[in-house]
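Asker: So the sequences go chain by chain: S and L.
Mapping to the numbering used here: the first sequence position 76 is 76, numbers consecutive.
Mapping to the numbering used here: the second sequence position 187 is 187, numbers consecutive.
Derived by calculation from the structure, the hints in this document are not laboratory data.
Note that beta-carbon positions come from the ideal geometry of N, C-alpha and C, so glycine has one too.
Be aware that one or more of the hints could be misleading.
[To be verified] Taking lysine-lysine and the DSSO-like style, the derived pairs with C-alpha atoms no more than 27 Å apart in a straight line are: (1) L:K30 with S:K173; (2) S:K197 with S:K173; (3) L:K197 with S:K146; (4) S:K197 with S:K146; (5) S:K173 with S:K146; (6) L:K197 with S:K173; (7) L:K197 with L:K30.
[Unchecked claim] According to the in silico footprint, chain L covers these stretches of chain S (three or more CB under 8 Å from chain L): (8) 30-44; (9) 138-148.
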Amino acid sequence: MIRLAAALWLLAFVECAGAEPAELRLGATHTLEDSGILAPLVAAFGAARGTRVRTLVAGTGQVMRYAENGDVDVVLTHSRPDEEDLVRRGIGAARADVMWNDFVIAGPASDPARVRGLRDAAQALARIRASQARFVSRGDDSGTHKKELQLWQAAGGLARWRGYLSAGQGAGKTLLMAGELEAYDLVDRATWRQVGKRAALPILVEGDARLVNEYAVTTLRPSALRPVNAAEGEAFAQWLLSDSARRLIAGYRIDGVRVFYLPGESPPPVR
Amino acid sequence: MSLLDATREAFVRLFAGDRELWTIVLISLKVSLCALILATPFAVALGFWVASHRFVGRRTVILALQGLLSFPTVVVGLVLYLLLSRSGPLGPWHLLFTQDAMIIGQAIIAFPVLAAFTLAAVHGADPRLRETAVSLGAGPWRSALTSLHEVRFAVVAGVLNGFGRVISEVGCSMMVGGNIAGFTRNIPTAIALETSKGDFAQGIALGAVLMAFALGVTALLGLVQEEREPR
Numbered sequence: 001m002i003r004l005a006a007a008l009w010l011l012a013f014v015e016c017a018g019a020e021p022a023e024l025r026l027g028a029t030h031t032l033e034d035s036g037i038l039a040p041l042v043a044a045f046g047a048a049r050g051t052r053v054r055t056l057v058a059g060t061g062q063v064m065r066y067a068e069n070g071d072v073d074v075v076l077t078h079s080r081p082d083e084e085d086l087v088r089r090g091i092g093a094a095r096a097d098v099m100w101n102d103f104v105i106a107g108p109a110s111d112p113a114r115v116r117g118l119r120d121a122a123q124a125l126a127r128i129r130a131s132q133a134r135f136v137s138r139g140d141d142s143g144t145h146k147k148e149l150q151l152w153q154a155a156g157g158l159a160r161w162r163g164y165l166s167a168g169q170g171a172g173k174t175l176l177m178a179g180e181l182e183a184y185d186l187v188d189r190a191t192w193r194q195v196g197k198r199a200a201l202p203i204l205v206e207g208d209a210r211l212v213n214e215y216a217v218t219t220l221r222p223s224a225l226r227p228v229n230a231a232e233g234e235a236f237a238q239w240l241l242s243d244s245a246r247r248l249i250a251g252y253r254i255d256g257v258r259v260f261y262l263p264g265e266s267p268p269p270v271r
Numbered sequence: 001m002s003l004l005d006a007t008r009e010a011f012v013r014l015f016a017g018d019r020e021l022w023t024i025v026l027i028s029l030k031v032s033l034c035a036l037i038l039a040t041p042f043a044v045a046l047g048f049w050v051a052s053h054r055f056v057g058r059r060t061v062i063l064a065l066q067g068l069l070s071f072p073t074v075v076v077g078l079v080l081y082l083l084l085s086r087s088g089p090l091g092p093w094h095l096l097f098t099q100d101a102m103i104i105g106q107a108i109i110a111f112p113v114l115a116a117f118t119l120a121a122v123h124g125a126d127p128r129l130r131e132t133a134v135s136l137g138a139g140p141w142r143s144a145l146t147s148l149h150e151v152r153f154a155v156v157a158g159v160l161n162g163f164g165r166v167i168s169e170v171g172c173s174m175m176v177g178g179n180i181a182g183f184t185r186n187i188p189t190a191i192a193l194e195t196s197k198g199d200f201a202q203g204i205a206l207g208a209v210l211m212a213f214a215l216g217v218t219a220l221l222g223l224v225q226e227e228r229e230p231r
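Please model the entire structure based on the sequences and the hints provided.
Answerer: In structure tokens:
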């Protein structure tokens, strides 16, 4: 009896401990996950190369820290200064543009801060603050959060007010939260398309050149401290620039609308 | 940052009175204490009533209470979210992502703990006590109070246990509170966020506070129990 139990336990233990190692650990951002493009990209790469991919989703700031700690083999993020910094510090090997779209400011249809139709995103933020309306910030050191802080810089600095809520959550969750609270939110267009249906917040501000949102893949340099799988990371980066990946990106639609564009591609027609 | 550096930084923040950190601690305490204040009278009343009355379905109620002890807090969060959401039946109250929503959630989570403790204690109390009280001319309220007085330590133990459960609860608070900085960000949700942001120092500091609470509650429980023993 005891022997049987011991054998069963051993079997279970081996089963639990013998989880298959991931062959490629990808660090990707919330916006990629929430917009829905991450899953088909990863699946297509996995099918093309026969590699098992384990994706870690976090804000860009945190993905960068994953890279520093050697917790991922390659990163797909949207904050150019951080990506270039990673390469400069020798942690990253090379950075390449993959695709882009833009950020928008969504908000309640009643638009208490009267920002609808503004082109200048910084001016829009300043108006939201002046009206003391609610604004939900990602507050998680993500690419979107970094963009927001840049815009605040342009708007004369971020002076927090009562309605400025720092959520510390992903793009989709933050947008849903803004919907519940009837608040403004800076969000990438793809996540807005994907999640916006449930948040009921129309786009109020768009078209500012500063609102561009570029995604890049950065491969990582292996070292004794960070034994990353550089070969698979490089293969993923190469594949993202291949024709089949470009077709997938260009063909990705949310409710029939295209939301990602290829580097160098002309901006989408005026909406 | 190495673990050692992060830990050192954590204690610096703790003792330097880092404002953000202590705001989170205060929010945690406020929400959990309010939740207990809200839940205790009802839970104790229910526990007492079930223990001291015979009625149809009593066994079911007792089973349900005991089952609720291990009720997943994320499910409480889910149901509460659906109720409080703008499109939900209680949407017009505008409670989602507020401290009130967190308090309601934690009160629901603490309720079965409090009720089950009271129930068990009243069950275990000497029935002659109440009979004596009644025979000495005590009315129903008076005799109930006498019984409750008799089991007061068990009720306090229940409250402390409930506190331990809600102060460290993360699922429900995250879902209905939304982890808004300075407003609905409590210790557990902050630790979850800081870890995912890679700010381990803040996480460790908050973890230390949380463990201090847990140890404090355990010490108090010990005291309560000792108090009861020599009788």
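Asker: Failing hints, ascending?
Answerer: Violated: hint 8 alone.
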